[in-house]
Amino acid sequence: PEACNDVFNRTGEMFREAFTFARLVGVKTCIGTETPITIPALVKEQLKAQGKDPADPAVVQEVYEGMFRRIAKTHPLDYYWLWTPEGWTWGGNSGDQLTTTMDDVKIALEALKEVGRPFELATAGWVLGPNDDRAAFDRMLPKEVAVSAISRQVGHTPVDEAFGRVEGREKWAIPWFEDDLALASPQLWVGRTRKDAADALAYGCTGLMGLQWRTRILGPNILALAQAGWDQSSWNPTPGEVPESVFPEAPLTPGPLGGIVVDYVGHEISGTDDDRLYQSCRYDLRGYSFKLPEGKYRVTLKFCEPDFGEAGKRVCDVKLQGKTVLEKFDIFAEVGQWAALDYTYDDVEVTDGWLKLRIVYRESLPCISAIVIEGPGLTRKINCGGPAYQDYEADGSGTATPPTTMGPPRGLAVRDFYADWTLALFGPEVAEETAAIFSRIDGRLPRAGGHACPCGLAPDVRPWELVAQEYAFVDELAACRDKVRGFGNLQRFDYWLGTMQYLRANGRLQCAWGAFNAAVPQWQAEEDPAKRKQLAREVGLPAYRECLDAFAEAYGHLLDTTSAYAAMALTSLITLRGLKATGIVAGECTSAALWPFAACRRRLVTRMSV
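For what it's worth, the numbering used here labels the leading residue of the sequence shown as 1, then goes sequentially.
Hint data in this document are derived by calculation from the structure and do not stem from the laboratory.
Glycine included, C-beta positions come from ideal geometry on N, C-alpha and C.
If a hint is listed, it holds; no wrong ones were tucked in.
The calculated label-pair distances, taken between Cβ atoms and stated as ranges, are: (1) GLU433 - SER94: 52 to 58 angstroms; (2) GLY87 - VAL27: 27 to 33 angstroms; (3) GLU13 - ARG485: 43 to 49 angstroms; (4) PRO387 - GLU244: 41 to 47 angstroms; (5) GLU13 - GLY87: 31 to 37 angstroms; (6) GLU268 - GLN469: 41 to 47 angstroms; (7) ASP103 - ASN5: 26 to 32 angstroms; (8) PRO251 - ASN5: 58 to 64 angstroms.
Let the sequences and hints guide you as you build the complete structure.
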């Protein structure tokens, strides 16, 4: 316990130094906890030893009072905020959960009054309020309590329009500078940040913050938000009103737009004799694109809910050729779990050579099990997420590089921003060329390493020769290097070039991993041990060495660009994860040369305190 006290005391000293300086320069500060409050086990034991019930509201108020008094004596503070649970965004909330949360907030309010109100109270969370009315806290809480929320879907959902229905109190929008799924990648969101800032202004928000883990790599996003808080007149087309996005869709390519595949082989499906067709699905996708001759087609979409056991958990909109054909679509609400559900649309017209199925996220991650396209002299049947089945073809790829955005992309013009930013960072010699490149990739960077939290890589079965085209901008940027003048300009240019080279190497690594996985069955299916070992050596080792080479390239660029504490944290995470292939090639991978980091020529040496 004494050591724990020392940690709290040192933290208090750190906050006192930082928050005192913040107050001197006019920066507001805020710390907080989740609501309902979680009382640590040791504190509960001490309360019980004093004859007190930790669940008694009066005792909970004592705990809040003790926390607030200590804060007031230790360091300055402007706001203490209470965060509603993260589960409210992914699974919604029940009436009992809302009641318990509101009771806890009211207890905290009473505690704050008892200690003389040394700071103000605020709410925050992954949503602005409960699922039946996101603006409900405006009716339930005193006006002196500020309300705030981070944007949903890790920032891919726009600022909640419910902010516009909150009146007479402080209200803070909190867009994401980056999402933690893609912490292994650079994330350029200047256009999206401007759109969110413009929306927040239209909804009357009095505060605008950005959610982040890293620092230097988010420089453009941070600067865009800072500028938006002062003046939006040069780029916001409708100040005070919600502007339309000016974000064109990326060039079309055949196949799925992102997504992850899953297959529940053997699970019984009701409402069909074709169980196998509905046992697989692709989820967390934005749709499919099909290159087809011009004409009219009959399109059938097949769905099955494999995970959720109640309505309202997975909701989306479905569009064909830009027209919404399913709005607030909820598979479970229609047929329940593990049941087949088909929708057929006639006379879907293709006029430009493309049939476009688009899915707009509302709640959780959308999914689809199969697609049938029928037209004059042409029939295509796709088993989404699954293998070839009867006359259905296998899905285009086991996994695809996730699209940059979940749901429709959004943003405002960015060329003026990058013209100024590249001039300041790289100098006039390359400002125009580099501004054009950064403007083009803003909000459109490939999400290599955006498959899991945090920064999970995943095998990509597409050939690298195809995927490499998504990274053509890296060579365009590299071609500008010789024109950069000045040590500082070159240092900053090399940081951003190395960052994009690191992203590309991660894309290559995912493809190498996919190729290795595809090679594994070639030796695993061989029953003869000697032949299996020979195949592993001839097929498996070269594929695995390609993985190592790509990993070394990515890790080297990561070390080259590590210049901030947050980047060091990412380096540590990648180091801990490494690249593992347990049991690879029948015991052949015993050489130290096949350890993932053996191929890396660079090292990061840090000082450690014990």
